[in-house]
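Trainee: Sequence order for the protein chains is A and B. Residues 1 to 111 (the working numbering) make up the first sequence, in order. Residues 1 to 113 (the working numbering) make up the second sequence, in order.
Don't read these hints as lab results, they were simulated from the structure. Yeah, the Cβ is synthetic: ideal placement off N, Cα and C, and Gly gets one too. A portion of the hints provided could be inaccurate.
Not everything, but these chain A residues come out facing chain B in the computed CB check (under 7 Å) [claimed, not checked]:
no.: 1; residue: Glu41
no.: 2; residue: Pro43
no.: 3; residue: Leu45
no.: 4; residue: Glu92
no.: 5; residue: Gly93
no.: 6; residue: Phe101
no.: 7; residue: Gly104
The chain contents come next:
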Amino acid sequence: TQLLEQSPQFLSIQEGENLTVYCNSSSVFSSLQWYRQEPGEGPVLLVTVVTGGEVKKLKRLTFQFGDARKDSSLHITAAQPGDTGLYLCAGEGTGRRALTFGSGTRLQVQP
Amino acid sequence: KAGVTQTPRYLIKTRGQQVTLSCSPISGHRSVSWYQQTPGQGLQFLFEYFSETQRNKGNFPGRFSGRQFSNSRSEMNVSTLELGDSALYLCASSGGTYETEAFFGQGTRLTVV
Numbered sequence: 001t002q003l004l005e006q007s008p009q010f011l012s013i014q015e016g017e018n019l020t021v022y023c024n025s026s027s028v029f030s031s032l033q034w035y036r037q038e039p040g041e042g043p044v045l046l047v048t049v050v051t052g053g054e055v056k057k058l059k060r061l062t063f064q065f066g067d068a069r070k071d072s073s074l075h076i077t078a079a080q081p082g083d084t085g086l087y088l089c090a091g092e093g094t095g096r097r098a099l100t101f102g103s104g105t106r107l108q109v110q111p
Numbered sequence: 001k002a003g004v005t006q007t008p009r010y011l012i013k014t015r016g017q018q019v020t021l022s023c024s025p026i027s028g029h030r031s032v033s034w035y036q037q038t039p040g041q042g043l044q045f046l047f048e049y050f051s052e053t054q055r056n057k058g059n060f061p062g063r064f065s066g067r068q069f070s071n072s073r074s075e076m077n078v079s080t081l082e083l084g085d086s087a088l089y090l091c092a093s094s095g096g097t098y099e100t101e102a103f104f105g106q107g108t109r110l111t112v113v
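Based on the sequences and whatever the hints tell you, model everything.
Mentor: Dropping the structure here:
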C-alpha cells in the first residue's frame with residue numbers, strides 16, 4: 001500500500017507570510033499532483049510534476065518533486081487570503097494508474 | 001468546455017436503503033474515477049472506469065459498485081447504507097496530457113441517518 005503523509009495538517013498564518021507544505025512517502029511515484037479544495041467544492045488541479053528534482057512555479061506557488069520521486073513540497077510566497085483551502089498531494093504509483101491522496105494540509109490565511 | 005457534473009448535490013438517506021449517484025465527465029474524457037472523502041479518512045479511491053470497464057478498484061466492500069455507459073457517463077451505487085457511508089462522494093474525469101490528472105466535480109454530499 002502506497003501512503004502519502006502531508007505536513008503540517010493545519011496551518012494558520014497572516015497575509016504576506018511564506019509557508020511550505022510537505023508530502024512524503026516511502027514509495028516511488030511516477031508523477032505527483034497538487035490540488036486545492038475549497039469548502040463545498042471538488043479539488044482543483046494545480047500542477048503535475050513528473051521528473052525527479054523538477055521544480056514548477058505557478059505565480060506565487062513553487063512545487064518541487066524530490067530527486068528520488070518519493071516526496072514533494074509546495075512553497076507559497078506572500079500568502080493571500082485567497083490561498084485559503086485544503087491542499088492535497090496525490091501520487092500516481094508505478095504500474096498503477098489510480099491516484100493515492102495525502103491526508104491534506106488545511107491552510108488559513110488571515111487578512 | 002463544460003466541467004464534470006455530479007448529481008444530486010445533496011442526498012439524505014436512511015440506513016439500509018440504497019443510493020445511486022451520477023457523474024457526467026468532461027466531453028472527450030473516457031476515464032471516470034470515484035472517491036469518498038470523509039474528515040477522518042480523507043480522500044479514498046473507490047474505483048475507476050475506462051471505456052465501460054472497471055480498470056482499478058480500491059479497498060471498499062462489495063456494497064459499493066459502479067458502471068460506465070457508452071457515452072462515458074458513470075453511476076455509483078451503494079446498497080444497504082450504513083451510517084459510516086456518510087461522506088462527500090467525488091467523481092473525477094481524466095483524459096488530458098497526463099492520463100491521471102483528475103478533474104473533479106463538485107461532489108455529492110450523502111448523509112445517512
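Trainee: Which of the numbered hints above does this structure break?
Mentor: 5
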